[in-house]
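Residue numbers (this note's numbering), protein chains in the order written: chain V, 59 to 268; chain R, 59 to 268.
The hints are simulated quantities; they were obtained by calculation from the structure and are not laboratory data.
Heads up, the list lumps identical chains together, so a pair's fine if it works in one copy or across two of them.
Heads up, simulated DSSO-like pairs for lysine-lysine below, C-alpha to C-alpha not over 30 angstroms straight-line:
#1 87 <-> 63
#2 142 <-> 111
#3 142 <-> 103
#4 111 <-> 124
#5 128 <-> 87
#6 160 <-> 135
#7 63 <-> 124
None of the values given here were measured: they were computed from a predicted structure.
Number of protein chains: 2
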Amino acid sequence: MESFKRIPAHIGIIPDGNRRWAEQNGFQKKDGYQHGIWPGFELYKIMIQYGIKEATFYGFTKDNNKREMKQREAFTKACVEAVKLLEDRDANLLIIGNTDSKAFPPELYKYANKRVHFGRGLININFLVNYDWEWDLNSLINNKRLASYDIPRIDLIIRWGGRRRLSGFLPAQSVYADFYIIDDYWPSYNERHFLEAMRWYQNCDVTLGG
Amino acid sequence: MESFKRIPAHIGIIPDGNRRWAEQNGFQKKDGYQHGIWPGFELYKIMIQYGIKEATFYGFTKDNNKREMKQREAFTKACVEAVKLLEDRDANLLIIGNTDSKAFPPELYKYANKRVHFGRGLININFLVNYDWEWDLNSLINNKRLASYDIPRIDLIIRWGGRRRLSGFLPAQSVYADFYIIDDYWPSYNERHFLEAMRWYQNCDVTLGG
Numbered sequence: 059m060e061s062f063k064r065i066p067a068h069i070g071i072i073p074d075g076n077r078r079w080a081e082q083n084g085f086q087k088k089d090g091y092q093h094g095i096w097p098g099f100e101l102y103k104i105m106i107q108y109g110i111k112e113a114t115f116y117g118f119t120k121d122n123n124k125r126e127m128k129q130r131e132a133f134t135k136a137c138v139e140a141v142k143l144l145e146d147r148d149a150n151l152l153i154i155g156n157t158d159s160k161a162f163p164p165e166l167y168k169y170a171n172k173r174v175h176f177g178r179g180l181i182n183i184n185f186l187v188n189y190d191w192e193w194d195l196n197s198l199i200n201n202k203r204l205a206s207y208d209i210p211r212i213d214l215i216i217r218w219g220g221r222r223r224l225s226g227f228l229p230a231q232s233v234y235a236d237f238y239i240i241d242d243y244w245p246s247y248n249e250r251h252f253l254e255a256m257r258w259y260q261n262c263d264v265t266l267g268g
Numbered sequence: 059m060e061s062f063k064r065i066p067a068h069i070g071i072i073p074d075g076n077r078r079w080a081e082q083n084g085f086q087k088k089d090g091y092q093h094g095i096w097p098g099f100e101l102y103k104i105m106i107q108y109g110i111k112e113a114t115f116y117g118f119t120k121d122n123n124k125r126e127m128k129q130r131e132a133f134t135k136a137c138v139e140a141v142k143l144l145e146d147r148d149a150n151l152l153i154i155g156n157t158d159s160k161a162f163p164p165e166l167y168k169y170a171n172k173r174v175h176f177g178r179g180l181i182n183i184n185f186l187v188n189y190d191w192e193w194d195l196n197s198l199i200n201n202k203r204l205a206s207y208d209i210p211r212i213d214l215i216i217r218w219g220g221r222r223r224l225s226g227f228l229p230a231q232s233v234y235a236d237f238y239i240i241d242d243y244w245p246s247y248n249e250r251h252f253l254e255a256m257r258w259y260q261n262c263d264v265t266l267g268g
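Using the sequences provided together with the hints, build the complete structure.
Structure representation (structure tokens):
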């Protein structure tokens with residue numbers, strides 16, 4: 059194991075590039091999502107190893123529901139399967155997403171918008187499922203707090219798939235986060251990606267504007 | 059002039075690295091801000107040349123007020139001077155910031171939170187002065203709209219000074235923005251920076267999650 063002086067308290071994960079990976083590897087676009095489950099658990103393991111206390115994974119968003127139905131079904135199914143697999147692990151799970159919409163998978167109602175505890179609870183895992191940044195912010199109007207109020211500030215965001223943008227990922231929690239971009243597509247996850255991001259993070263000073 | 063197929067409608071400018079530039083060049087840290095005014099006008103000119111219709115400049119934030127008094131005075135003065143120089147140009151200026159705080163420069167009250175028109179109004183320039191992302195979002199609670207509601211979605215954010223983060227820059231408008239990072243410090247601005255960012259932007263596809 060490498061030794062790092064600075065350990066981010068909370069990492070944001072944007073696992074992009076599933077469809078591009080599928081096309082590159084001779085699959086249908088929709089099949090990419092299924093191949094994105096295993097990498098999530100590899101990352102989960104290495105984050106626990108390195109003492110990361112909290113991670114937020116971008117599942118799918120209201121915007122993603124504009125995609126064709128086959129893809130929508132595939133990414134929704136992948137999110138449900140990921141959660142079922144997590145039930146046997148050691149994590150405290152919080153699912154944040156708009157459950158008033160039909161796009162929210164009914165299988166996950168029982169975990170929505172409250173934290174549940176699996177096994178030894180070694181890490182807080184937040185999972186954005188049918189998340190919508192406008193719904194999150196507009197909750198300030200209606201409920202005087204963010205819909206994602208239980209998710210704290212993010213220190214480091216790692217995005218796979220080469221794009222350099224947030225795509226609506228937790229706008230309030232991301233204001234001070236350092237971004238690390240990995241060009242490889244998410245289903246090509248390798249622990250070297252995580253280690254590269256951690257090495258880069260060692261040299262980001264945290265000033266919070268001061 | 060280069061020719062670009064994709065012209066971002068709205069560019070966000072994070073002019074970071076003024077203090078690091080000053081130290082590197084044998085000045086006191088506070089003196090960096092003064093040297094950041096000229097680059098802003100160079101950028102203003104080239105943006106008009108290339109048909110950019112709107113740009114938002116990060117002036118200073120509530121967080122920046124944690125810095126020592128000499129620096130605070132220097133960056134506040136630089137913002138006021140920049141606005142005075144802009145009065146003689148061709149821009150529609152909107153200053154967004156918290157005017158209820160003592161840190162807001164009284165010289166700029168007359169331009170705060172409403173758009174004013176200078177000359178031929180060739181570009182919309184938004185300037186964040188004593189801006190605070192929490193103040194902006196909390197306006198949803200109190201006024202049912204963002205304090206920055208008049209600033210539209212940003213397509214491209216260019217940050218100088220090498221850091222890869224938003225530092226609280228317009229969280230709601232930045233959700234879909236592509237980030238381009240320039241390692242040089244802001245007072246070392248060169249038009250080649252703008253052109254590099256524009257060239258890179260040609261290959262960012264806009265999906266808005268679809």
